[in-house]
Amino acid sequence: MNPHRQKKLSIILFVAAGLSVTVGLILYAMSQNINLFYTPTQVAQGEVRAGQRIRIGGMVKEGSVVSANDSLQVRFETTDYVHAVPIEYEGILPDLFREGQGIVAEGSVDSSGVFHASRVLAKHDENYMSQEVKVALDAAGVNTDNHPSSLILPES
Amino acid sequence: MWLWFSKLGSPKWFYELSGRWLPWLVIPMALLLVVGIVWALLFVPPDYQQGETIRIMYIHVPFASISLAFFPLMAVAGTITLVWKMKLADMVAKVAAPLGAWFTALALMSGSIWGSDIWGTWWIWDGRLTSMLLQFFLLIGVISLRSALEDSDAAAKACAVLSIVGCINVFVIKYSVEWWNTLHQPASSFSLSDEAPNPPEVWVPLVIMIIAIYLFFAVSLILSTRNEILERERRAQWVQDLVEAQ
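Chains as they are written, first to last, in the working numbering: chain L, 1 to 156; chain R, 1 to 246.
Just to be clear, a hint being listed does not mean it is correct.
Unchecked claim - Listed next, with one range per pair, are the computed distances between beta-carbon atoms:
hint : chain 1 : residue 1 : chain 2 : residue 2 : range
1    : R       : Pro200    : L       : Val66     : 21 to 31 Å
2    : R       : Trp84     : L       : Asp95     : 51 to 61 Å
3    : R       : Trp24     : L       : Ser10     : 33 to 43 Å
4    : R       : Trp123    : L       : Lys7      : 37 to 47 Å
5    : L       : His4      : R       : Trp24     : 37 to 47 Å
6    : L       : Arg49     : R       : Leu31     : 51 to 61 Å
7    : R       : Leu242    : L       : Asn33     : 26 to 36 Å
8    : L       : Asn33     : R       : Ala105    : 43 to 53 Å
9    : L       : Leu25     : R       : Ser193    : 40 to 50 Å
10   : L       : Lys7      : R       : Ser193    : 51 to 61 Å
11   : R       : Lys174    : L       : Glu99     : 31 to 41 Å
12   : R       : Leu145    : L       : Asn33     : 28 to 38 Å
13   : R       : Leu31     : L       : Lys7      : 41 to 51 Å
14   : R       : Ser193    : L       : Arg49     : 32 to 42 Å
Calculated directly from the structure, the hints in this document are not laboratory data.
Beta carbons: idealized from backbone N, C-alpha and C, even for Gly.
Construct the entire structure; sequences and hints are all you get.
Written out as structure tokens, the structure is:
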């Protein structure tokens, strides 16, 4: 390769490397803003102000769902298995909503620590299988709980 | 190797060679597309939690995964244009941008349909969806930049630089689901066992569809490049001869 081309190529590589580092640092600095949701632990520890509009992501706690008979009002708790936050919501839930399912809710926490959601979305994990396989795995005692990894705090 | 490299850069040579390659790409593509679509739509078992909606994955994943190839492709072609001034590289870069925009749009749209049914929303500003939308706008930007500059040499250089910069976004798309928490799920890992999450009955048709769509990408890219070659080399003797032979 002649020196002129070699110089051009190294300038391109140098600029590309420099830009990548810059973008990487910017994204790292902004990571709290880029994260889609707060975890129940972050909310329970008071990282968000009352009334601030946020998203919260966690699992629907087993045995916590209470729905009203005469309206679409529903109350449940969302948990990362360290802290649980009670959520109140009135509206249509996604089909996937059930106990033990990952959800992301939009709304705000009131001063008593209850989260009032204006929208509830389902978050599923990256494991796909047929009903037959699921039944066989459950019978064999294999844990196939639909636990998106980002909803559970890493075990310490 | 350098001889081969400069030979590949000759539009005439590429035109002749790609003409001979095409059937070997089109035939497997057609076969795999038919097998993959029939398998995915009729024979894949419904998912235990998503039911029939899981079939959207067999369109969404192939398009989404191949759309990540466009910026690296355009960046390599752009670097060759900037350093070696090879005409063919710029032709490939030029036709790749609109193709990439289509593939990215298809990934976004199929994902929206999937999300509206399963998540409960067709759009959310999470890391994965936003960075993918950014890629769509970057591709629109590359297309606009090329048509905005009159001087085709200057346009080629400007697009090459933008493509190299846009490449960074590919890493952001790829790792967005791991760096930040998102609504979008991370990539699945395939299992060889029949009795495990993501068993072969789920991923074998997916792999067939992925190969089919990759071949579709290669065929589209080669066909549009051949078109671009004829357009730009229309005054060359070999193109004139080709037209007369028709």
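These are the hints, each one checked on the structure:
no., hint, in the structure
1, R:Pro200 to L:Val66: 21 to 31 Å, "41 Å, violated"
2, R:Trp84 to L:Asp95: 51 to 61 Å, "55 Å, holds"
3, R:Trp24 to L:Ser10: 33 to 43 Å, "38 Å, holds"
4, R:Trp123 to L:Lys7: 37 to 47 Å, "46 Å, holds"
5, L:His4 to R:Trp24: 37 to 47 Å, "39 Å, holds"
6, L:Arg49 to R:Leu31: 51 to 61 Å, "59 Å, holds"
7, R:Leu242 to L:Asn33: 26 to 36 Å, "56 Å, violated"
8, L:Asn33 to R:Ala105: 43 to 53 Å, "27 Å, violated"
9, L:Leu25 to R:Ser193: 40 to 50 Å, "42 Å, holds"
10, L:Lys7 to R:Ser193: 51 to 61 Å, "54 Å, holds"
11, R:Lys174 to L:Glu99: 31 to 41 Å, "33 Å, holds"
12, R:Leu145 to L:Asn33: 28 to 38 Å, "29 Å, holds"
13, R:Leu31 to L:Lys7: 41 to 51 Å, "48 Å, holds"
14, R:Ser193 to L:Arg49: 32 to 42 Å, "48 Å, violated"
The earlier numbered hints that this structure contradicts are 1, 7, 8 and 14.
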